[in-house]
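First to last, the sequence lines map onto chains A and C. Here the first sequence is numbered in my numbering, starting from 1 and rising by one per residue. Here the second sequence is numbered in my numbering, starting from 1001 and rising by one per residue.
Rather than coming from a laboratory, the hints here were simulated on the basis of the structure. Be aware that one or more of the hints could be misleading.
[As the list claims (entries may be wrong)] Below 27 Å or equal to it, Euclidean Cα-Cα: the simulated DSS-like pairs (lysine-lysine) are:
1) 1407/C <-> 1232/C
2) 1407/C <-> 9/A
3) 1291/C <-> 1407/C
4) 1130/C <-> 9/A
[Said to hold, decoys possible] To list a few chain C residues with every Cβ distance to chain A over 10 Å, as calculated:
5) 1224
6) 1365
7) 1393
C-beta atoms are modelled at their ideal positions from N, C-alpha and C, and glycine is treated no differently.
This is what each chain is made of:
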Amino acid sequence: MRVTVDQDKCVGSGQCVLAADRVFDQRDEDGIVVLLDPEPPQEVQQDVRRAAMICPALAIDLTD
Amino acid sequence: MTDTSTDTSTGTDRHPAARTHPAPAAYPLDRDARCPFDPPPELRRLRDQGQAPDKVQLWDGSTPWLVTGYAEQRALLSDPRVSADTRQPSYPFPTAGIRARRDQARTFLSMDDPEHARLRRMVTAPFTIKRVEAMRPAIQRIVDDLLDRMLAGPRPVDLVQAFALPVPSMVICELLGVPYADHDFFQLNSSILVNGRQSEDASRQAQQNLVDYLDTLIGRKLDQPADDLLSKLGQEQVATGTLTRHDLAVTSVLLLVAGHETTANMIALGTAALLEHPEQLAELRAAEDPKLIAGAVEELLRYLTIVHSGRRRVALEDIDVAGRTIRAGDGIVLATDMGNRDADAFPDPDRLDIHREARHHVAFGFGPHQCLGQPLARVELQVVYGTLYRRIPGLRLAVGIDEVPFKHDGLVYGVYELPVTW
């Protein structure tokens, strides 16, 4: 799995961090997404899919 | 009454697919008083006719589209062809009061990107997951102190005044740097802003009172900065000329009102719902795993969807939705209370089930305008639901559920009072 994030679309809701905090973080100054791991290991991929699904800004893209 | 109204002049009413009803249903609709936690039965009937949008008629005679399906709501709320701008001619205002203060209360909430994003990002820092988690001990202290006081006081007591309203008020005051001692003033004015039946004058006056109050407070923070959001925004945005002091005051009103009205209603209404589902309350009370409490918060957010008068938008272009065409310029009302009861997204949706995976609910909205304060609301509700029923295991209603005054007329649903004892 390969993860990309769009910081321009991100609205800083923090949903991705709640879903998968090993893969997503937020900038301190404005809460915009920071990608920690663009190729997350198998055991967190379900959480990453969940994060992509609940992101209100549709700012997370996944490719297999 | 026909589909034709002064607010829609795009010819949509002649679109053949729109002619499924002789006249559009009035919206919002009334709940069944015997099922105070469920959306209105007539709204469910409209939904059961299919997920396709239908025209409804609002208080001012305008006939926007009503969208009840979860997938359709997500698609529209995240569609850049859909505007949240209250200056759009056919914007479907929920009340005359909100229409009356549209310019006076203009914030990023009623703007589209890129302006929306620029202004929203100025105030997101204190709501990151990390910053909000760091507030958890302070929130726990506030909750514990209020419960100490409540337990030492007389019974029965109104849970709204003794607990549900003070918790989020104290938290947002601490975050913004608003003196909690002024709570009678700002709670009264906030309650006018979220009451659907207030006159235009009362609504404008309440907004003005809050703007004046915060403007004065920001002035003091500019002179004597403290460690709070108003001081920080004063220094970073007003002192540098990025924002006027007035604009910051208007945005601060939004943060203050949104920061306590909604959470207060979730605390009191959530407690009423749990007391009516004693087996789930027992499980929540016994929960050792914080994940179960966090899951219960999401499920209660879904099940109760207190923002029950619909998210309001306008189509900027023609948009096809489930076999209908929403024309450019048409108003759209997205009934997220129905989206959260959509069986395609939430199996057996009318059942409260704290074990359900409900995090994909749209109780905070969806798209770029999704609630800014949601991480804070989550932590407050986790602390409250994880503490209140343990500290007071015998908590029960002091009146029958049918005697509880529900906020049927509120823009935000909840209870005016919740008399409880133990």
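For each hint, the structure was consulted:
{"no.": "1", "hint": "1407/C <-> 1232/C", "result": "36 Å, violated"}
{"no.": "2", "hint": "1407/C <-> 9/A", "result": "36 Å, violated"}
{"no.": "3", "hint": "1291/C <-> 1407/C", "result": "30 Å, violated"}
{"no.": "4", "hint": "1130/C <-> 9/A", "result": "21 Å, holds"}
{"no.": "5", "hint": "1224", "result": "24 Å, holds"}
{"no.": "6", "hint": "1365", "result": "7 Å, violated"}
{"no.": "7", "hint": "1393", "result": "29 Å, holds"}
Hint check: violations occur at hints 1, 2, 3 and 6; the rest are consistent with the structure.
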